[in-house]
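*Asks:* Hey, can you work out the whole structure from these sequences and the hints?
Next come the chains, spelled out residue by residue.
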Amino acid sequence: MRAKFALGQYNYADSFLHRLDPRVKILLIFFIVILLFFVKTISGYLILFLFSVFLIVLSKSNFSSVMRSIKPILVLLIFTAVFQIFFTPGTVIFQYKFVKITAQGVKLAIYISIRLILLSFFTFILTSTTSNIELTDGFESIISPLKIFGFPAQEVSLMISISLRFVPVLFEEADRIMKAQMSRGAEFNKGSLIERAKSFLPLLLPLLLNALNRADKLATAMEARGFVIGQKRTKYREMRLSGVDFLAIFVTILVMGISIVVREFV
Amino acid sequence: MIKLREVSLTYDIGTIFQSTALKNVSLEIRDKEIVSIVGRIGSGKSTLIQLFNGLIPPDSGKVIVDGIDVNAKNTNLKIIRRKVGLVFQYPEEQFFAESVFDEVSFGPKNMGVSGDELVQCVHSALSDVGLNPEIVSNLSPFNLSGGEKRRVAIASIIAMNPDTIVLDEPTSGLDYLNKKMLISYLKRENAKGKTLVFVTHNMEEVLEIADRVIAMKNGEKIFDGPTEDFFFAGNFVELAGLDAPFLVKAQRLMRKRYANFPFCRTVDEFLKLLKEKYS
Ligand SMILES: Nc1ncnc2c1ncn2[C@@H]1O[C@H](COP(=O)(O)OP(=O)(O)OP(=O)(O)O)[C@@H](O)[C@H]1O
Ligand SMILES: [Mg+2]
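Protein sequences appear in the order of chains A and B. Following the numbering used here from start to finish, the first sequence increments by one per residue and tops out at 266. Following the numbering used here from start to finish, the second sequence increments by one per residue and tops out at 545.
Because the hints were derived from the structure by calculation, they are not lab data. Among the hints, a few may not be true.
Said to hold, decoys possible - Derived DSSO-like pairs: lysine-lysine, alpha-carbon spacing no greater than 30 Å straight-line: (1) A:LYS179 to B:LYS289; (2) A:LYS179 to B:LYS375; (3) A:LYS198 to B:LYS339; (4) B:LYS522 to B:LYS483; (5) B:LYS375 to B:LYS453; (6) A:LYS100 to B:LYS339; (7) A:LYS179 to B:LYS269; (8) B:LYS328 to A:LYS190; (9) B:LYS522 to A:LYS179; (10) B:LYS344 to A:LYS198; (11) B:LYS298 to A:LYS179; (12) A:LYS179 to B:LYS483; (13) A:LYS71 to B:LYS339; (14) B:LYS375 to A:LYS190; (15) B:LYS453 to B:LYS344; (16) B:LYS344 to A:LYS179; (17) B:LYS344 to A:LYS190; (18) A:LYS71 to A:LYS100; (19) B:LYS339 to A:LYS190; (20) A:LYS217 to B:LYS453; (21) A:LYS217 to A:LYS235; (22) B:LYS339 to A:LYS179; (23) B:LYS328 to A:LYS179; (24) B:LYS458 to A:LYS179; (25) A:LYS179 to B:LYS453; (26) B:LYS458 to B:LYS269; (27) A:LYS198 to B:LYS375; (28) A:LYS217 to A:LYS232; (29) A:LYS179 to B:LYS446.
Said to hold, decoys possible - Chain B residues, not near chain A, derived (Cβ > 10 Å throughout): (30) LYS328; (31) GLU359; (32) ILE488; (33) ALA510.
Glycine included, every Cβ here is placed at the ideal spot set by N, Cα and C.
*Replies:* Put into structure tokens, the structure is as follows:
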């Protein structure tokens, strides 16, 4: 249970990618994801695909967990691909009654599938090598310049880290309350839609009440330890750029550059 | 009658969270017994009792309630849960209803009880835990005191009229008086013919009411026998990583001196004996 609910796919290992500065990883992956929508050639995608496989090997993840990370977007992927195939106007290559398939449609479907798959590969690489704490610390550091424009960077990142911290707790508690109500004969997922919705009340209400209670306690505990929002805090983990980070930045920019200027090989 | 046969269970197999909660545990809970399950934190007690009503299936081994294999495909778990009522730790955290009546009637309603019969079993369950149904029925369960909340939560299981009541640390977080009261209510349920199983860290409670003790350590059953043997035949309490209460230590001393010093369950009993026979 616990493992299922621990948010994210962080892989407790030590690899070159684990040791990179989280800010570098976040920004590089961010730019790669944006790049995915500008690459216009299959050969460009092939380069990015090989790069992602290289990184996955480097990160010491096993391939089954990579596959698992694609699963949730599979439905979306199939849906959009089918939609593109049938509803893109262009040169018809296949027709049966009112169903038309166009060359442009097929091409678009392929591109979208590739983009979505690569998208999940690259985010997987980020989340499997960067813990939640590193992610939020990195994120906070990246958005902190926005403070000049009055953006509450510290508050936002605090919110994110607290949510990430408590999501597994919430799931564990949901599991416990569900079991307790099942002990009282409650059945979830049975009967009509309205009955089902009703049957979740004994789960959701205590969950909400306990969460509010916990939030209250957390606030008290943080205040008792001298936390004041907006004040400068020292960090337990200092983030510092080192040689490997510059190497990673260089290699990634190189690969990105090649993937965008490369000519189609067919 | 609940039977466990060579049950093993590991949580989160194949992940770094993997932890073995139960190793090859076999046991029997006979009708009308009071059984106490003890052990240190993380020894598998809560996991063990969740097997009793089929909330979690074991990886291997069998759980049998009144001759029914709980984890067989065609078993109706509702029937099992009506036979074995399970009260979780801090059960008041599961409250959701607007009134005490609605809260306590949730269980029996799910079991198909309705009308006058429903009112009847809610009222009798509330009286069983020392609450006046006339007074508390319409109150919000959230506004009760800690002790009253706990009693309402236990009443909500008693209201389903299970043969066996299983409780996970029923007295944790209660003050002395509420603890005493709760223990006496539970004893009374047993006197009325219910089987009682309770997990606890409080050895005084074990000493006071348990017929039998099952001790767990690192997922293994290391003791299963009469309460007297658990405390006095060897050092099982210490083996389980627990501390014998004062009353047990005092009796051990007396037994060294007087070989046939009788087994006392409460301090009062012990003092009375000292005054009358050993002064
Ligand atoms: N839902 C769960 N998911 C994963 N692991 C669990 C879960 N519940 C318990 N465990 C693990 O199984 C082991 C036994 O836990 P269990 O809750 O049964 O112990 P316990 O004897 O009830 O402890 P306590 O005295 O703290 O209540 C522990 O190592 C615990 O971390
Ligand atoms: Mg427990």
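*Asks:* Hint by hint, where does the structure go against what was stated? Just the numbers, ascending.
*Replies:* As far as the earlier hints go, 6, 9, 20 and 31 are violated by this structure, in ascending order.
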